[in-house]
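Visitor: For reference, the chains in residue letters:
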Amino acid sequence: MIEFQLDETSGVATYLQLVQQVHQALRMGMLEPGEQLPTAQQVVAKLVINPNTVHKAYRELEREGLARARPGLGTFITRAPAGTDPATQARFLAAMTDWLRSARSAGLGPDDVEAIYRTAFRTCFAEGAA
Amino acid sequence: MSTVIETSGLGKAYRRTWALRDCTLAIPEGHVVGLVGPNGAGKTTLLRLATGQLTPTRGTISVLGARPAASPAQLARVGFVEQDTPVYARLRVADHLRLGAWLNPGWDGELAQRRIGQLGLDPRQRAGSLSGGQRAQLALTLALAKRPELLLLDEPVASLDPLARRDFLRGLMEAVAEHATSVVLSSHLIADLERVCDYLIVLVASQVRIAGEVSALLAVHRRLSGPRRDPGTLPAGQDVIEESHTDKQSTLLVRTGLVRTGGPVHDPAWTVTPVSLEELVLAYLNPANDIPARRPRLGVAS
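Same order as they appear, the protein sequences are chains A and B. Heads up: the first sequence is residues 1 to 130, going by the numbering used here. Heads up: the second sequence is residues 1001 to 1302, going by the numbering used here.
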């Protein structure tokens, strides 16, 4: 079963952190369809957060179609998120690594690279970004 | 949705000093509400008006739809943990539970026993010899075993060390998860509030500065920074909560008018960043900031 962590310095809303950790665990194969998510009671006992936050995260996962609540039993993973084909991911990881290497040999520092990445990211994902 | 506490023009004066003034609130049920403010802002007064220990000088207050402390039944619906979590020093832990069972018709003895067991408290120990954290947990156990619909706590963790504070809040959140109890707790420890509260009320100088659901409040506040300019030139529908200027740069904390779109700041000269709950609370606590009139329906959004 997944064990949630909380990063208080990230600035990311707590419920979103839970959602992202489920996404991440599904991508890494640490969580699989059919598996149960911890109950709100268990999450609250571990992280000392408001149970409404856990409910909100699980509702979001249900909305995404990744999980389903079974009354009286708990919330279960129904499927892995789309677009997580490992081969595709590996291909883009390799391309990104090549790009970063060439940027570094062209004399770009981490800050330059991050600024470029952010600008390009904004250009591509501008719609729907908060 | 029904409310747990509803006030209208509520005020309480001691002689000629107002401890709470013109307080109009409607707190919906099912929340863990953080009541924040400096010492003397009126937090304890508001909580005591809600328990019926104080009567209003002006205005009205209803708690769970009835006048506070109007009847024994009404008293049983509201739990209260006072500041410094008082217990009877000479009584044993078990005596506290017996007293609770005797005084409260809806007493959940099983819950009380279970919590005392989980906490590892010796029922024969006198309350006076418990640690601060254990005393607070005993007081919380007594309040929870009443099985209240609404639990009010006045600075419950202020005097506890970080570990005891975390344990106390864990017990409180577990109870909320299990019984869906509505909670109002006053505190000035913003980090704790950020974890456990999903509704916020900021009280400053005996007046409500802002109140609403945390997610809705965060959604309508933004920090803008950019080249120096007069905040009066901002587009309509944005209230400046806090501003600071250097000779070249202006930084503003603004409240935007549109909840759902995440704020209509399209001016490319501004860098727009979200604010944390702590920044938000500090901006509203700061007496130097002249807060524009509150939008009463803000907290209802979502």
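Honestly, the hints are just simulated from the structure, not real lab data. Be aware that one or more of the hints could be misleading.
Unchecked claim - The list that follows gives simulated cross-link-like pairs (lysine to aspartate or glutamate, EDC-like), each with its CA atoms no further than 16 Å apart:
no.	chain 1	residue 1	chain 2	residue 2
1	B	1248	B	1230
2	A	46	B	1178
3	A	46	B	1174
4	A	46	A	8
5	A	46	B	1167
6	A	46	A	7
7	A	46	A	3
Claimed, not checked - Simulated restraints on C-beta separations:
no.	chain 1	residue 1	chain 2	residue 2	range
8	B	1243	A	63	32 to 42 Å
9	A	29	B	1226	20 to 30 Å
10	B	1228	A	8	27 to 37 Å
Source: prediction; values computed, not measured. Even for Gly, the Cβ is constructed at its ideal location relative to N, Cα and C.
Visitor: Now, for every hint given, state plainly whether the structure supports it.
Guide: Outcome of the hint check:
1. B/1248 <-> B/1230: holds (12 Å)
2. A/46 <-> B/1178: holds (15 Å)
3. A/46 <-> B/1174: The given pair, whose Cα atoms are some 10 Å apart, holds under the 16 Å limit.
4. A/46 <-> A/8: Since the Cα atoms of residue 46 of chain A and residue 8 of chain A sit roughly 14 Å apart, the hinted pair holds (cutoff 16 Å).
5. A/46 <-> B/1167: holds (10 Å)
6. A/46 <-> A/7: With Cα atoms ~13 Å apart, residue 46 of chain A and residue 7 of chain A stay inside 16 Å; holds.
7. A/46 <-> A/3: Distance of about 9 Å is within 16 Å: holds.
8. B/1243 <-> A/63: 32 to 42 Å: For residue 1243 of chain B and residue 63 of chain A the Cβ distance comes to about 38 Å; the hint holds.
9. A/29 <-> B/1226: 20 to 30 Å: violated (45 Å)
10. B/1228 <-> A/8: 27 to 37 Å: holds (33 Å)
Hint compliance for this structure: hint 9 is the single one not met.
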